[in-house]
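Novice: For the protein sequence lines, the chains are G and E, in the order given. Just so we're aligned, residue 1 is where the first sequence starts under the working numbering, counting upward by one. Just so we're aligned, residue 1 is where the second sequence starts under the working numbering, counting upward by one.
Do not take every clue at face value.
Identical chains share a label here; the pair holds if one copy fits it or two copies do between them.
Claimed, not checked - Cross-link-like lysine-lysine pairs, in silico, DSS-like; alpha carbons within 25 Å at most: (1) Lys245 to Lys316; (2) Lys40 to Lys316; (3) Lys410 to Lys147; (4) Lys166 to Lys407; (5) Lys345 to Lys455; (6) Lys376 to Lys455; (7) Lys407 to Lys147; (8) Lys189 to Lys389; (9) Lys345 to Lys316; (10) Lys410 to Lys376; (11) Lys455 to Lys147; (12) Lys316 to Lys275; (13) Lys376 to Lys389; (14) Lys407 to Lys376.
Hints are computed from structural coordinates only; laboratory data are not their basis.
There are 2 protein chains.
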Amino acid sequence: MSNAYSEGLAVYAQNSRQAFENHLRTLISIPTISADPHHKADIRRGAEAAVQLLQGLGCAVRLVETAGNPIVFGELINDASYPTVLVYNHLDVQPAEVANWKTNPFDLVVDGDHYIGRGTTDDKGPALTALMAMGYTQQCALPLNYKFVWELEEEIGSPHFEDFVKGSLQQLVADSVVVSDTIWVSADKPAIPVGLRGLMALEISLRTSEADTHSGLTGGAARNPVGELAQIVSECYDAVSGRVKIPHFYDDMVPATDQQLNDFVASGFSVERFKRDHALYSLRSQNVRDVLRRIMAQPTFEVHSIGGGYVGPGLKAIVPPQATAKVSMRLVANQDPHRIFELVKRFIVVRHPDVRVRASAVLPPYLAESDGLYLKAISTAMEFAFDRKPALVREGGSIGAVITLAKYLKVPVVMPGLSLPEHGYHAPNEHFDWHQASGGIKMYAKYFQELATLKP
Amino acid sequence: MSNAYSEGLAVYAQNSRQAFENHLRTLISIPTISADPHHKADIRRGAEAAVQLLQGLGCAVRLVETAGNPIVFGELINDASYPTVLVYNHLDVQPAEVANWKTNPFDLVVDGDHYIGRGTTDDKGPALTALMAMGYTQQCALPLNYKFVWELEEEIGSPHFEDFVKGSLQQLVADSVVVSDTIWVSADKPAIPVGLRGLMALEISLRTSEADTHSGLTGGAARNPVGELAQIVSECYDAVSGRVKIPHFYDDMVPATDQQLNDFVASGFSVERFKRDHALYSLRSQNVRDVLRRIMAQPTFEVHSIGGGYVGPGLKAIVPPQATAKVSMRLVANQDPHRIFELVKRFIVVRHPDVRVRASAVLPPYLAESDGLYLKAISTAMEFAFDRKPALVREGGSIGAVITLAKYLKVPVVMPGLSLPEHGYHAPNEHFDWHQASGGIKMYAKYFQELATLKP
Numbered sequence: 001m002s003n004a005y006s007e008g009l010a011v012y013a014q015n016s017r018q019a020f021e022n023h024l025r026t027l028i029s030i031p032t033i034s035a036d037p038h039h040k041a042d043i044r045r046g047a048e049a050a051v052q053l054l055q056g057l058g059c060a061v062r063l064v065e066t067a068g069n070p071i072v073f074g075e076l077i078n079d080a081s082y083p084t085v086l087v088y089n090h091l092d093v094q095p096a097e098v099a100n101w102k103t104n105p106f107d108l109v110v111d112g113d114h115y116i117g118r119g120t121t122d123d124k125g126p127a128l129t130a131l132m133a134m135g136y137t138q139q140c141a142l143p144l145n146y147k148f149v150w151e152l153e154e155e156i157g158s159p160h161f162e163d164f165v166k167g168s169l170q171q172l173v174a175d176s177v178v179v180s181d182t183i184w185v186s187a188d189k190p191a192i193p194v195g196l197r198g199l200m201a202l203e204i205s206l207r208t209s210e211a212d213t214h215s216g217l218t219g220g221a222a223r224n225p226v227g228e229l230a231q232i233v234s235e236c237y238d239a240v241s242g243r244v245k246i247p248h249f250y251d252d253m254v255p256a257t258d259q260q261l262n263d264f265v266a267s268g269f270s271v272e273r274f275k276r277d278h279a280l281y282s283l284r285s286q287n288v289r290d291v292l293r294r295i296m297a298q299p300t301f302e303v304h305s306i307g308g309g310y311v312g313p314g315l316k317a318i319v320p321p322q323a324t325a326k327v328s329m330r331l332v333a334n335q336d337p338h339r340i341f342e343l344v345k346r347f348i349v350v351r352h353p354d355v356r357v358r359a360s361a362v363l364p365p366y367l368a369e370s371d372g373l374y375l376k377a378i379s380t381a382m383e384f385a386f387d388r389k390p391a392l393v394r395e396g397g398s399i400g401a402v403i404t405l406a407k408y409l410k411v412p413v414v415m416p417g418l419s420l421p422e423h424g425y426h427a428p429n430e431h432f433d434w435h436q437a438s439g440g441i442k443m444y445a446k447y448f449q450e451l452a453t454l455k456p
Numbered sequence: 001m002s003n004a005y006s007e008g009l010a011v012y013a014q015n016s017r018q019a020f021e022n023h024l025r026t027l028i029s030i031p032t033i034s035a036d037p038h039h040k041a042d043i044r045r046g047a048e049a050a051v052q053l054l055q056g057l058g059c060a061v062r063l064v065e066t067a068g069n070p071i072v073f074g075e076l077i078n079d080a081s082y083p084t085v086l087v088y089n090h091l092d093v094q095p096a097e098v099a100n101w102k103t104n105p106f107d108l109v110v111d112g113d114h115y116i117g118r119g120t121t122d123d124k125g126p127a128l129t130a131l132m133a134m135g136y137t138q139q140c141a142l143p144l145n146y147k148f149v150w151e152l153e154e155e156i157g158s159p160h161f162e163d164f165v166k167g168s169l170q171q172l173v174a175d176s177v178v179v180s181d182t183i184w185v186s187a188d189k190p191a192i193p194v195g196l197r198g199l200m201a202l203e204i205s206l207r208t209s210e211a212d213t214h215s216g217l218t219g220g221a222a223r224n225p226v227g228e229l230a231q232i233v234s235e236c237y238d239a240v241s242g243r244v245k246i247p248h249f250y251d252d253m254v255p256a257t258d259q260q261l262n263d264f265v266a267s268g269f270s271v272e273r274f275k276r277d278h279a280l281y282s283l284r285s286q287n288v289r290d291v292l293r294r295i296m297a298q299p300t301f302e303v304h305s306i307g308g309g310y311v312g313p314g315l316k317a318i319v320p321p322q323a324t325a326k327v328s329m330r331l332v333a334n335q336d337p338h339r340i341f342e343l344v345k346r347f348i349v350v351r352h353p354d355v356r357v358r359a360s361a362v363l364p365p366y367l368a369e370s371d372g373l374y375l376k377a378i379s380t381a382m383e384f385a386f387d388r389k390p391a392l393v394r395e396g397g398s399i400g401a402v403i404t405l406a407k408y409l410k411v412p413v414v415m416p417g418l419s420l421p422e423h424g425y426h427a428p429n430e431h432f433d434w435h436q437a438s439g440g441i442k443m444y445a446k447y448f449q450e451l452a453t454l455k456p
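Extracted from the complex, chain G is given alone in its bound form (with noise of 0.2 Å):
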């Protein structure tokens, strides 16, 4: 059977193409952009196209009311003593400013095998290969039960995701859960992510006077606030080496052993290449290997800004009155956000008094046991699916979605991704392709014929 499937699905990829194209051309249609509150209407839109595209393939589907935006669910029940699977991912996109597109970005243009617009990579794409690949296993009557979980804020981080889960716990369980949402490290071998970092996210804030004074009259005397958070952001970390100088801050971190150091260099990344990538002038490291572990398992302190100056132009020789500096760190398995808070809090407050710390975000870091059934069955899938072996590597980014679903589902979560660095996520002129779509297909369906015999 397993030959008949395998040969079938490459047929029933081939044959579904003008499907998945006019499917997606119905979503890409609808500029669901979470982060402006202009496109409510838009997002409202969006969730039934979905609606009825779940409904289409023969799945219950409702639509969960949340405070914020709705979110998509279907499922297909085949039989309850079958294993089921829950597919994560979101349908909502980043905002698209139209002059910086060669295209319109909400009118999908096929050219080639490319598919130009905004959401087709990030994540309409890849949540559609999913569904394709259902109706083949459908077809094939595998011994499946199908969850689909389609977002519409994880574009805004999530705000509303937890308490869907925690409100929607009976419906949601599941087996396992798959989220397509991670780019691969280069187009040359796919990717598998089995870790995120965390995020614990910060304002530091100092006000010393009411307003603005003239450095000539009150300079010497009067307290600098930016000085002050300079210096402060200074004490926490290195910023030319990038090591952060807080007493205890490792302490808790699992360091990326060598094999899976050997594993992120065998995704094919190039220091190069990232540098082009991201537009990088230079970097605080060449060593392929050390990038790497910096940017998939190192913890890190990122300041976004020290706000609160004069910064007009000229020169406007000022004290300011009040600073802020909004800084992040990035954690690692076995880092505790809110411990780590309060370990920095400490640091700073010990040292400076009348300087305020508050959290603005807090994100657990994630990672996945590396080597479970279901990342084997995943690894399975995608080596089928694109004829190479992929790399088991992480990604330096939080999915919040994945946190929650692992943290109150309690089952294994496996990321295969399925786009590609060239892809532009965000970013203008973002697209697809049908390499990646048809591979998708293939993916999810083997995923499913594994899971379908895998034995927990």
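Based on these hints, arrange chain E on the given structure of chain G.
Specialist: Showing chain E alone in chain G's frame:
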């Protein structure tokens, strides 16, 4: 004669009140805001009104054109053999945000002894007192010649004043210069600044990428220019104490002597009032002597801003592409701003080779001889006018015109201030008062008398 002179002066001052108020009303009604190009025509009208005023008192007047605003130059030469005094004031004013004023800033309000309006104390009122004083000394046929220089770009840093002085050296020849554009330390006691701090402003900038990058994707490997500039600022100085850490920064400075510090303290300065006047919540020092040393006789290092990061609402977890720190140092005698610039630049660039450092403003410090004949004469005149011995203090800021006049005319400059801290220099509801104005008329007339008999 001296007694008759003094008695006549008291009567003259009293009788001239109406004329003073009329002249002040005329000048205040013209919004000579040099910072705002929309007021070019008002600047011209202000200059022409000043010409009228000077001509009315018998001066020969020229409007001297510069690459910017014109300068009003009036002279009254009684006899080539007499000594000549050059009186500098400025007739341009700070902008006035009408919403913050209780009255129309450009419509003089006489409220008892108070004169409310933009420019009343800075510097139109003081300019008029000198002129009115000349009215008296001319009546007395004092053997003295007078030159008046009224600038219309002081509030924007006197960008064309040096060109004017260089181009008018013959006309400006004088035996001494008097500049009244400073503020008493306390209303209780006249103050004569004998020093000005200089200024060395610079911009420190660093670009490490083309645009914002996602701190999840690049963080750890990407350089953070805001973080690096914060570190550079902290390497340059300790923001908590204010101490500059750059080697040799203090080498050339002349520290204030104990006697000079005693003079500062004798000004009536109060730490609590200083905090209140400038709305400062806390200071680097609470000790009156130390605070005065810090604002009058010590160089400073000030960060005006570290720009370049994301300062909008909420969290945007980016690595910023570039940063610029606006920094300036107040300098004291005998620090050479050019030498200091080279020192700071080398200190930074040796450690951070791709950081750019450029000078944005340079003003040398100024320190008068503290036992000169002219200082003695103005002290006598101030004590005569205000019935109290003046304190010899220093101005923490810089007055470009003083530096320029001292440099090119090579004669003593005295700086008898007439403004009070509560007059609200540069602030809404700026005002002057008849006590200071009539005192100013007496002070100038007495000083002119001293000059007429001075044998240098």
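Novice: It remains to establish, for every hint, whether it holds in the given structure.
Specialist: Tested hints:
Taking the shortest Cα distances, Lys245 and Lys316 sit within 25 Å of each other only across copies (24 Å), while inside one copy they are farther apart (34 Å). Taking the shortest Cα distances, Lys40 and Lys316 sit within 25 Å of each other only across copies (22 Å), while inside one copy they are farther apart (42 Å). In this assembly of identical chains, the alpha carbons of Lys410 and Lys147 lie at most 25 Å apart only when taken from the same copy (16 Å versus 89 Å across copies). For a Cα distance limit of 25 Å, the shortest separation of Lys166 from Lys407 inside one copy, 10 Å, qualifies, whereas the shortest one across copies, 77 Å, does not.
Neither within a single protomer nor between protomers do Lys345 and Lys455 lie at most 25 Å apart by alpha-carbon distance, with minima of 47 Å and 68 Å respectively. When the C-alpha separation of Lys376 and Lys455 is checked against a cutoff of 25 Å, the pair qualifies only within one copy, where the shortest distance is 13 Å, while the shortest distance between copies is 102 Å. For the homomeric pair Lys407 and Lys147, the shortest alpha-carbon distance inside one copy (18 Å) is at most 25 Å, but the shortest distance between copies (83 Å) is not. Within a single copy, Lys189 and Lys389 get their C-alpha atoms as close as 7 Å, which meets the 25 Å cut-off; across copies the closest is 86 Å, which misses it.
In this homomeric assembly, Lys345 and Lys316 come within 25 Å of each other (Cα to Cα) only across copies, at 20 Å, whereas the closest approach inside a single copy is 32 Å. Taking the shortest alpha-carbon separations for Lys410 and Lys376, only the intra-copy value of 18 Å comes in at or below 25 Å, while the best inter-copy value is 87 Å. In this assembly of identical chains, the alpha carbons of Lys455 and Lys147 lie at most 25 Å apart only when taken from the same copy (20 Å versus 102 Å across copies). Within a single copy, Lys316 and Lys275 get their C-alpha atoms only as close as 36 Å, which misses the 25 Å cut-off; across copies the closest is 21 Å, which meets it.
Proximity of Lys376 to Lys389 under the C-alpha cut-off of 25 Å is restricted to the intra-copy arrangement: shortest distance 11 Å within a copy versus 91 Å between copies. With identical chains, the CA atoms of Lys407 and Lys376 are at most 25 Å apart within one copy only, with a shortest distance of 21 Å there and 82 Å across copies.
Hint 5 from the list above is the single one not met by this structure.
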